[in-house]
Every structure is written in C-alpha cells, then in structure tokens.
Amino acid sequence: MEFIFDLLTPYGITENTFQNMLIAAILGISIYITLYAGLFSLANAGFMATGAYVSVILTTRYEWDFLLAVGAGIIAAGLISAIISVPVLRLSDIYLAIATIGFGEILVVLLRNFDRIYELIVNKEETITGGATGIKGIPVITTTEYLLLYLGIVVFLMVRLHRSRFGRALVAIRQDNKVAANMGINVVYYQNMAFILGAMIAGGAGALHGHLNRIILPENYGFDRAVDILTFAVLGGTTTIIGPIVGGFIIAYLPEILRRTDLVGLLGDIFGTDLGRYQANVRDMTVGMILLGVIVFLPQGIASPAMWRRVANRIWNLFNPAEKSDA
Amino acid sequence: MATHQNSLEWRASVREIRNRLKVLTERYPIIANVLIIVLSALLGYFIPYLAAEPIFRTEFNNPEQNFILMLARAGWYSMFALGYALVFSILGLLNLAHGAVYMAGAFAGLWITANQDLPIEYALPAGMLAGGLIGILVDWVAFLPLRARNAPRTSQLISSIGASIFLVNLAFILFIDQFNAPVNRFPAEKVNSIRAFQGTVPIERIEVFGLTLIDQLDYTVFPMQVTMFVVAIVMLIFLQFVIAHSKIGKAMRVVAYNPKVAQLLGINVSLIFAVTFFLSGAFAGAAGVLQGMFRVVGPFMGSEVGLIGLTVIVLGGMRSIPGAVVGSFIIANLQIATIAMGYSWLEEAVVFLALFLMLLIRPQGILGEPLQDRA
Amino acid sequence: MLELREVTKNYGGLRSLDSVNLHAEAEMITGLIGPNGAGKTTMINCISGLDHPTSGEIIFDGHSIERTPAHRITGYGLARTYQNIRLFNQMSVLENLIVAQHSDGRATLVEALFFLPSHLREYRQQRERAFELLERFHLMNVKDAPAGSLPYGDQRRLEMARALATNPKMILLDEPTAGMNPIETHELGEHILQMKEDGLTILVIEHDMSLISQVCDEVYVLNFGVIIANDTVENIKQNEEVIVAYLGRED
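If you read the sequences in order, they're chains A, B and C. In terms of the numbering used here, the first sequence opens at residue 1 and continues consecutively. In terms of the numbering used here, the second sequence opens at residue 1 and continues consecutively. In terms of the numbering used here, the third sequence opens at residue 1 and continues consecutively.
Any given hint could turn out to be false.
List of simulated lysine-lysine pairs, DSS-like, C-alpha gap at most 27 Å [said to hold, decoys possible]:
no.: 1; chain 1: C; residue 1: K237; chain 2: C; residue 2: K196
no.: 2; chain 1: B; residue 1: K22; chain 2: B; residue 2: K250
no.: 3; chain 1: B; residue 1: K247; chain 2: A; residue 2: K178
no.: 4; chain 1: B; residue 1: K22; chain 2: B; residue 2: K260
no.: 5; chain 1: B; residue 1: K260; chain 2: B; residue 2: K250
no.: 6; chain 1: C; residue 1: K143; chain 2: A; residue 2: K178
no.: 7; chain 1: C; residue 1: K237; chain 2: A; residue 2: K178
no.: 8; chain 1: C; residue 1: K169; chain 2: C; residue 2: K143
no.: 9; chain 1: B; residue 1: K247; chain 2: B; residue 2: K260
What the hints contain is simulated information worked out from the structure, not anything from laboratory work.
From just these sequences and the hints, can you work out the full model?
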C-alpha cells in the first residue's frame with residue numbers, strides 16, 4: 001500500500017482523499033447499475049445510510065465482527081430496497097425520481113428521530129441512532145485495502161453482468177422496455193433486481209464509509225448526497241463501467257483540484273472577499289457547474305468511448321489532412 | 001364479471017362528472033378557484049381543530065391560532081408552488097431550480113432595501129423582477145440546450161439540479177460579499193414602516209355569512225401572515241385569468257398541448273417559454289421576499305420549501321394549476337395538525353410521507369388527469 | 001391458433017376496437033387490412049400484451065392472454081414486429097438476435113459470475129442460432145455493426161430475424177412493407193411464404209394490398225374499430241363495403 005501513496009502524494013492524494021475516491025467510485029457504480037436498467041433513482045443515498053447505520057450499530061452496540069456487520073449492512077439495504085422496489089418501480093421517469101427523493105428524505109427524518117419513535121413504541125428511552133447529533137466514537141476499522149477489495153468485487157460483478165443473460169436483458173430494457181417485454185424479458189423483475197443490486201452495493205459502501213470517520217450523521221445521507229452520487233455517474237457517463245469510477249474519482253479529488261488551481265483565491269479576488277473559510281461552497285458551486293455543463297455539452301459523460309474515438313479521429317485528421325474520414 | 005362491468009360503469013360516470021366539472025372550471029375559472037380555496041380552507045378549519053381537542057389544548061395551541069397559522073403557511077406554499085406548477089403544466093418541465101429562484105428573489109429584495117437603502121415598497125417588485133429574469137436565465141442555460149436536442153426529461157431534471165446547486169452556492173458567496181453574513185434579516189424598522197405589516201392585530205371575532213367561525217380569540221395575528229395568504233389568492237386568480245382569457249394565455253395552452261403544433265400555428269414558442277418562466281420566477285420571487293420579510297433570508301432558504309413545493313404539486317396534480325393551491329392547503333393542514341398534536345418533530349416526515357404515498361397511490365395527483373401510457 | 005372474441009378497447013371516451021372477432025388458423029397466413037386509424041395497431045398491441053383490452057377474450061394456443069404480461073405471451077410462442085422499426089439501436093446486430101432468445105435461456109447471474117459451464121453452453125447455443133438467422137436473412141456481413149446504423153432494408157430484415165429468434169409458433173407482422181418499393185415488397189412476400197412453409201402461423205397487418213394478395217389465405221377488414229368483412233383475398237377485392245371504406249380514405 002505504502003508505495004501507492006508515495007506515488008500519489010505529490011498529486012495531493014492523501015490516504016484519506018484516496019479512500020474518499022474509492023467510496024465515490026463504488027457509489028457511482030451503485031447508481032450506474034440502476035441507470036443501466038433504465039431507472040432514474042435517487043434512493044442510493046438512503047441505502048448508503050441504511051448500510052452505514054446498521055453496520056455501525058452492530059459493531060458499536062453489539063460488538064459484531066466488522067466484516068459480518070458490513071455484510072449485515074449490505075443485506076439490510078437489500079431488504080429495504082426489496083420492500084420499496086415493488087411499489088416504487090411502477091413509476092418511471094421523473095415520477096420515480098421524485099418518489100426516491102421522498103424516500104431519502106423520509107429515511108433521514110426517521111434516522112434523526114429514531115430514538116423518539118423507539119421510545120413511543122417500546123416506551124423505553126434509549127440512544128440508538130443518536131438523533132441529529134448522530135453516532136460518535138465509531139472505531140475506524142475500514143482500511144484502504146478493504147475499500148480496494150470491495151471495489152474490486154463490485155467491478156468484477158459488473159463486468160460479468162455485462163456478459164450475462166441478466167445484463168443483456170437490462171440493456172434491452174434501457175433501450176426500449178416495451179420491445180424488451182415483447183422479446184420475453186420480464187421487465188418488472190429485472191428492474192427490481194437491478195434496483196436491489198444497486199441498493200446492496202450502496203449499502204456496502206455506506207457500511208465501509210461509516211467506519212471511516214468516527215462519526216455518522218443523518219444529514220450526511222440527504223438530498224445533497226443523492227445529488228453527489230448522481231454527479232459521479234453523470235460526469236463519468238453510464239455507457240461503460242469506467243464512467244462512474246472516473247466520475248467518482250474526479251469529484252472526490254475536486255477539493256484538491258480547486259486548491260491547486262487556486263479557484264477559491266481567484267473567486268475571492270473577484271468578489272473582494274476572503275473565501276478561504278467557504279471552500280465547501282466553492283466546491284459545491286463547481287459541482288453544480290459540472291452537472292450542468294456535462295449534461296448540456298457531454299451527455300455521454302467524459303469517459304465515453306464514442307466521444308474519445310471521435311476526439312482521436314479528429315486529432316488523426318489534424319495530422320493527416322489528406323485522408324478525410326467521416327467520423 | 002358483473003362486478004367488473006359495474007366498476008366500469010362507475011368509472012365511466014365518475015369520468016363524466018369530472019369532464020363536466022372541467023368544462024365548468026374552464027368557463028368560470030375565478031368562481032371555481034374561489035370555491036376551491038373556500039372548500040380547502042374550511043376543511044383546514046376542522047383538521048387542526050380536531051387535532052387540538054381536547055387533550056393537547058393549551059393557551060398557545062388552540063384551533064383558532066392553528067387555523068391562522070395554517071392559512072399563512074398555505075399561502076406561502078401556494079405562492080411558491082404556483083410557479084412550479086405553471087412551468088410543469090405548460091412546458092412539461094420539472095424545474096428543480098425553482099427553490100433557488102425563490103431565494104434569488106428574496107436576495108434581490110433584501111439587497112434593494114438593506115444595501116441600496118431604497119424604501120421597502122421596492123422590495124416586492126424588485127424580488128419579482130429578479131426572480132423572473134433568473135427564471136428565464138435558468139431556462140436558457142439549463143433547459144434550452146436540452147430541448148434543442150430533444151433530450152429525455154430526466155436530463156432536464158439533472159441540469160436543473162445543477163443550476164440550483166450553482167445558484168445557491170454563488171448566492172452564498174454573494175451574501176458573504178454583500179452582507180458579510182450568510183443569513184440576514186430585512187431591516188426591522190423598514191418592515192414595520194409598512195402600515196399593513198405593522199405589529200400585531202388582535203382578532204376577536206370572525207364571521208363569514210353570519211356564521212361565526214372564530215369567537216373571542218385571545219390570539220394576535222401578524223398581518224404579514226394574512227398578507228401572504230391574500231397575495232397568494234390574488235396571484236392564483238390573476239394566473240387563471242391570464243391563462244383563460246388573454247391572448248398569450250391561449251398561446252400558452254396551445255404550447256402545453258403540443259409545442260410543434262404551436263410552431264405551425266405561428267405562435268412564437270420561445271417567447272411563450274420565456275413568458276412562462278418569467279411568471280413562474282416572479283411568483284417564486286414574491287414568495288421569497290414576503291417569507292424573507294417574515295423570517296430570514298439566506299442562500300439555503302429555498303431548499304426546504306423546494307422539496308415541500310414539489311410535494312405540493314405532486315399532491316395537487318402536477319399538470320393542474322389550482323392543484324397547487326389544493327396541495328398547499330393539504331400540506332399546511334397536515335403539518336399544523338401534526339404540530340398541534342405535539343409531534344412537531346414529525347413535521348417534515350409527514351410531508352415526505354404524503355409525497356411518497358401519493359405517488360404510489362395516484363401519481364397524477366388529486367386534480368390531475370390519469371398518466372397516459374404511451375406504447 | 002389465435003382467436004379474438006368480442007374484443008373491445010376504450011381510450012378515454014374513444015372506442016378504438018368494438019367487439020372484434022378474429023380467428024387466425026394454424027399454419028396459415030391471415031391478413032388484417034384497414035385504413036389508417038382503423039385500430040390495427042391497437043389490436044396488435046392488445047394481442048402482444050403491450051396493451052390490454054377493456055373487455056373480451058384473446059386466446060392463443062390454448063392460453064387466455066388478454067391480461068397476461070407481454071413477456072409471458074412471448075414465452076407461449078407469439079412474436080411480433082413493429083410498424084416503425086424498433087430495434088435495440090445501440091446493440092450490435094448479433095446482440096439483438098441473442099437478447100431475443102431470452103425466454104429460451106435459463107442461465108442466472110450467479111452462473112455467469114463463476115463461469116459455470118451451463119452459462120457458457122447456453123451462450124454458445126444462442127450464438128449458433130443467431131448465426132443461422134444471420135445467414136438466412138443475409139445479415140452476416142453486418143453482424144457486429146450497431147443495429148441503428150444499418151440501412152432501412154437491413155433493419156426491416158433484422159427485425160423479422162429478431163422476431164424469429166424468440167422461437168415463435170406465431171408471428172405478427174405490423175405493416176412490414178412500410179417504406180419499401182414493389183421489388184422489396186415482393187422479396188419480403190417470399191420470406192413470409194417461406195416462414196409459412198416452416199410451419200409458422202402468421203398475421204400480417206397492412207394497408208398495402210399487393211403483399212396481401214401475394215401471401216394471404218384469408219383477410220379481415222377493420223374500419224373504425226369494427227370488422228366489416230372477412231373473406232378470401234379475391235372476394236374481399238369485390239366487397240362493396242371494403243371499397244367504400246378505402247375510397248373514402250383515398251384523396
């Protein structure tokens with residue numbers, strides 16, 4: 001591991017940044033699989049929260065083994081997604097997006113008030129999720145190796161999925177779900193499975209993320225997080241598995257890019273204010289710009305093979321003006 | 001088989017009634033709207049009343065007060081949601097940057113009064129103008145390029161989220177720059193200088209057509225709350241009137257039916273888009289200024305009301321403009337009832353639960369037409 | 001093979017199919033003609049499960065299918081093509097043909113994950129079948145091209161090949177000659193007759209009479225949601241009502 005960081009540190013990638021990049025890549029893949037099935041769902045932040053809270057409660061309160069707790073987090077996220085998938089996936093398009101936003105918000109409010117609801121039902125006061133102040137003093141167990149391993153497993157799963165009957169069915173559904181049904185594909189079943197699979201991947205990412213920072217808060221998993229996850233996939237593109245990974249890496253590395261390019265200082269100069277304390281806002285503003293710019297100018301994302309092929313062609317034509325290829 | 005047939009007949013008769021109602025509301029939009037508002041308000045009178053009786057009744061938690069609170073809140077939500085619903089019903093776009101436009105309107109109003117030291121009367125028009133212009137800007141930046149290449153609706157959703165994040169954080173920097181603090185208040189002496197907003201007014205008795213609604217109320221109302229409700233009603237009626245009777249309103253309806261057909265009929269479609277976004281933004285700006293005067297102005301003031309507004313239009317029916325008002329009343333009722341029963345910490349949960357359940361049970365909303373399943 | 005009994009379909013207040021009765025004999029070619037807007041596409045959508053009739057029964061091969069989801073109807077052995085071609089444009093020609101064999105496959109994700117022999121064997125079989133169809137429809141040289149990039153005629157043929165890849169007993173052709181010249185139309189007719197030879201039942205929906213005359217054993221005429229005639233091709237051509245329905249449309 002050490003040698004990797006020796007390579008990366010000059011670029012400002014500390015161990016912490018690298019871990020965030022890996023988590024972002026995994027979360028990007030979790031939404032990629034739902035988009036792959038033609039589902040526009042913003043629920044993955046909620047599933048991440050499920051995985052994080054379940055696993056953290058199991059390791060801190062019940063002293064479970066870490067890997068078992070992560071497994072339980074994955075399964076919990078899968079179960080919740082299985083419960084909501086059947087009613088929610090009858091919706092499509094923006095209605096699905098709105099319903100999943102609603103789900104995420106409900107989950108955040110529930111986490112914030114879990115102890116009070118518990119008290120109402122069981123009539124016993126106890127601190128389980130810790131309300132708005134979250135769970136503190138979580139042991140830091142997740143290491144870069146665990147994250148790399150999990151990312152590896154997820155990528156392997158996706159690569160195999162592409163080449164399976166399951167994956168081909170999802171591609172067909174995304175392109176035209178009516179025709180897919182006429183080809184004998186059970187659209188509802190496959191969309192549900194993709195939704196649950198995405199939720200489980202996000203749940204695992206949440207469980208690992210929960211054991212990374214000593215503290216988890218309900219606010220970490222709200223609408224903003226859902227948008228972040230969406231940005232990973234949109235920026236990288238969803239035509240191949242590389243897309244969400246690249247997207248996640250870039251967005252997680254963004255604060256460092258901003259520091260190095262000194263955009264914060266530049267903006268501060270323009271407005272005549274010191275924005276040093278407000279780096280998070282400059283970062284969010286950039287995310288907004290990226291989201292807008294990518295969807296308008298690069299709808300396939302920056303990691304789209306088709307686009308790079310076009311770029312390569314253009315460069316080729318630049319140096320070989322005689323042979324005009326009509327790419 | 002017989003029951004199947006029965007349910008078919010029943011459905012047909014329901015459809016018949018709905019069609020007739022629709023024709024009537026289209027012919028007399030103002031009467032229909034007033035009726036909708038009165039009915040919703042009356043409904044709202046009883047829900048908090050029941051909630052506040054008798055266990056939870058206290059000096060500060062009584063039905064009359066709850067009713068006023070509910071009206072004010074419904075007014076606030078309606079103002080905000082009208083613009084939301086307008087853009088969706090005419091243009092079919094879900095503009096998630098609407099909350100940011102609301103914030104921008106409030107910002108402009110505050111800037112005019114606090115920084116430029118203009119009289120407070122300028123705040124509302126300034127907020128509306130800024131909201132309208134930023135609305136058009138959002139359309140140009142986030143929607144126009146996607147429309148041009150016929151992108152899916154989800155792309156438009158994403159670009160509007162992007163625009164929203166950008167605007168909110170840009171505003172954060174501007175707030176720091178202009179006011180040295182992210183969260184600000186309108187200057188109190190200026191707000192109070194408007195007679196209509198002055199202090200509090202004790203209400204003793206409210207009668208409607210000889211029916212005593214409120215008697216011996218020992219609660220005082222901020223006139224601001226009432227103002228908000230009244231402005232919302234005026235806006236709704238104005239909007240309905242514009243859509244039903246003006247030339248541009250007719251053009252809007254054609255665009256809503258089919259932009260390509262509108263183009264062929266010689267309607268300037270881009271103008272209609274701009275006008276619609278301007279109106280929508282102006283309404284959001286007005287809501288922002290008024291709510292900002294009542295509470296505070298900050299870059300994130302639009303995010304909460306943005307999600308509530310989304311719930312409101314889903315409940316009322318995303319394609320229905322009066323639906324926005326009906327949805328506002330329902331949400332305001334639910335929230336006030338929840339608070340009155342002593343569960344104020346569930347105030348948000350109720351909203352999103354309503355959103356979620358409505359989408360599962362009846363995605364087209366209360367006043368909406370059934371969603372067409374295109375084969 | 002396929003039977004429609006009193007099938008009615010309402011859209012809002014509009015009745016687009018009104019008590020339609022239709023019987024398609026096994027291993028025969030049945031034609032369904034009618035002017036634009038007569039309800040032909042509504043009918044084919046109801047049969048293939050993309051839509052469901054408001055009332056009435058549809059029986060296919062002994063199964064009652066008026067409320068069955070589309071993917072299961074395909075499993076029973078009913079395939080279709082579309083009036084405006086609907087291929088999976090971003091997939092290659094070969095992948096289009098492999099994905100269409102979904103119902104015949106059994107392999108799950110787990111089998112694919114661990115490279116189990118059952119998954120590999122199934123994939124190999126599906127490829128072989130796809131190659132047979134490529135050969136038969138003269139698509140071998142474009143097998144790796146994205147389906148969306150093919151010329152129009154190739155797309156039409158690919159769509160028919162894809163319908164056959166689902167391994168059907170019966171096939172519904174929705175205006176297969178749309179946009180074709182007479183020579184291509186005739187060639188397509190030969191393909192359809194060949195499918196009949198192979199033991200398929202076929203329902204052709206058209207408003208072009210030349211293909212109907214070339215291939216059909218029996219013809220139904222649909223006008224404003226009502227079947228107005230049902231006879232052999234020769235007799236239909238003489239039928240007064242049919243002529244009026246068609247002349248009324250022509251301008």
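Hint-by-hint comparison with the structure:
no.	hint	in the structure
1	C:K237 to C:K196	holds (23 Å)
2	B:K22 to B:K250	holds (17 Å)
3	B:K247 to A:K178	violated (40 Å)
4	B:K22 to B:K260	holds (25 Å)
5	B:K260 to B:K250	holds (15 Å)
6	C:K143 to A:K178	holds (24 Å)
7	C:K237 to A:K178	violated (35 Å)
8	C:K169 to C:K143	holds (25 Å)
9	B:K247 to B:K260	holds (18 Å)
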